[in-house]
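Chemist: Below are the chains, spelled out letter by letter.
Protein chains: 2
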Amino acid sequence: MNKVEAIVLVSGGLDSCVTASIAVREYNCAFLHFGYGQRTQDRELKAFHNIADFNKIEEKIILNVDFLKIIGGSSLTDSSIKLGSTEINGIPDTYVPFRNGIFLSITAAYAETVRAEKIFIGAVWEDSSGYPDCQPVFYEKFNLAIKQGTRPGSNIEIITPLIHKTKSEIIKMGISNNAPLELTWSCYQNEDRACGICESCKLRIKGFKEAGIIDPINYI
Amino acid sequence: MNKVEAIVLVSGGLDSCVTASIAVREYNCAFLHFGYGQRTQDRELKAFHNIADFNKIEEKIILNVDFLKIIGGSSLTDSSIKLGSTEINGIPDTYVPFRNGIFLSITAAYAETVRAEKIFIGAVWEDSSGYPDCQPVFYEKFNLAIKQGTRPGSNIEIITPLIHKTKSEIIKMGISNNAPLELTWSCYQNEDRACGICESCKLRIKGFKEAGIIDPINYI
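Listed in order, the protein sequences are those of chains Y and F. Positions 0 to 219 (numbering that gives the first Met the number 0) are the ones given, in order, by the first sequence. Positions 0 to 219 (numbering that gives the first Met the number 0) are the ones given, in order, by the second sequence.
One chain only, chain Y, in its complex shape (with noise of 0.2 Å):
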């Protein structure tokens, strides 16, 4: 097997899914997937090896981190929550705490062992649901973070290419790198069909009718 050069994290949506399509062409990639008991788990797993399957992955990470489930406070892990029930000061109910951070740790300690350098995460700021730990900001200080608290010599990155890109322009991009977009999952409710009305259903469609393309995915 290559050596990894970068570790893409791979939810098996939209972004990831062109994320690592940016990835593959310059780096020889590992893909990581995260598995908390969220509500369409099985779903994104299958999307992650599909995706991954594509791209003729070698190296193919399934990391569980049920402890979210244990911590909540998102409708996404706590099933008593309603999804979409609820905002805390401008924040969906949607958003896991510091979700984020938690996966680019776990990754970055991944990279350290492997000694892989780059770190893909399909982060996107402006067209999204305004998760603070999707912030560009975020990302800045986290690299320095990372930096600080690896062996010296680590020179683990955080690269976020689509972190100022509308929904749209991910979905064009996608189209022309030869994304399998077809193979992603954003619903977050359902498994089978999208639903079509949760926030994460409703940012896809918005982008697929902006960018004048049809989304290959069947709805409700």
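Derived by calculation from the structure, the hints in this document are not laboratory data. Among the hints, a few may not be true.
Computed cross-link-like contacts, PhoX-like style, restricted to lysine-lysine with a CA-CA straight-line distance of at most 25 Å [claimed, not checked]: (1) Y:K55 x Y:K146; (2) Y:K146 x F:K140; (3) Y:K68 x F:K201; (4) Y:K117 x F:K68; (5) Y:K146 x F:K117; (6) F:K146 x Y:K146; (7) F:K59 x Y:K68; (8) F:K2 x Y:K68; (9) F:K68 x Y:K2; (10) Y:K140 x F:K146; (11) Y:K146 x F:K68.
Dock chain F against chain Y, hints included.
Modeler: For chain F alone, coordinates are given in the frame of chain Y:
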């Protein structure tokens, strides 16, 4: 139950026990412990419970971060690496890549969920094994990352009261705070009687000697 104001990371070792004795004087604390299949996991968990019960802690959280074994890269999580066998760039093999980064991210998520504003961790720099995620500057940078990556108004701050202390100073501080040092466990190797020769035992023995205090635990 009273509102949790601070979360203390309690591994069950000397440093976390003394850190806890500082935190509980000022705040209503939850104690958080991580299990990750480390060699002495059961013994550390026992020490955690004993220290928490001594401090009459109502909220004990134990989270499984077993994925650290999948990541490996340390003699504490990969049994094929012999304890004390090797160094990479001057860092001992017991270093678990970016472990404190992972622990603090998860703790920040918990703090954000329960709206606690302080996180106490017993990291020690000067008189330590030189792990990069124990450097003072790492905590400065990580605090900035947490500030940017959590909800506005979360105000979460990591506090490292021991970071500039020597082991003997920590031991003296523990004695003066009435911390239950006899309940702690430091040995990386054994679970019944401490080995006295691993890196962690050596630091502990040296600290007690310098402090002129008799170590209350048993060695082989």
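Chemist: Would you mind marking each hint as holding or not holding in the structure?
Modeler: Hints, one by one, checked against the model:
1. Y:K55 x Y:K146: 30 Å, violated
2. Y:K146 x F:K140: Answer holds: Y:K146 to F:K140 is near 9 Å, not above 25 Å.
3. Y:K68 x F:K201: Answer violated: Y:K68 to F:K201 is near 38 Å, above 25 Å.
4. Y:K117 x F:K68: Holds - the C-alpha atoms of F:K68 and Y:K117 are around 22 Å apart, at most 25 Å.
5. Y:K146 x F:K117: Answer holds: Y:K146 to F:K117 is near 24 Å, not above 25 Å.
6. F:K146 x Y:K146: 18 Å, holds
7. F:K59 x Y:K68: 16 Å, holds
8. F:K2 x Y:K68: 20 Å, holds
9. F:K68 x Y:K2: 20 Å, holds
10. Y:K140 x F:K146: This hinted pair holds, its Cα atoms lying about 9 Å apart.
11. Y:K146 x F:K68: 23 Å, holds
Comparing the model with each numbered hint stated earlier shows that hints 1, 3 do not hold.
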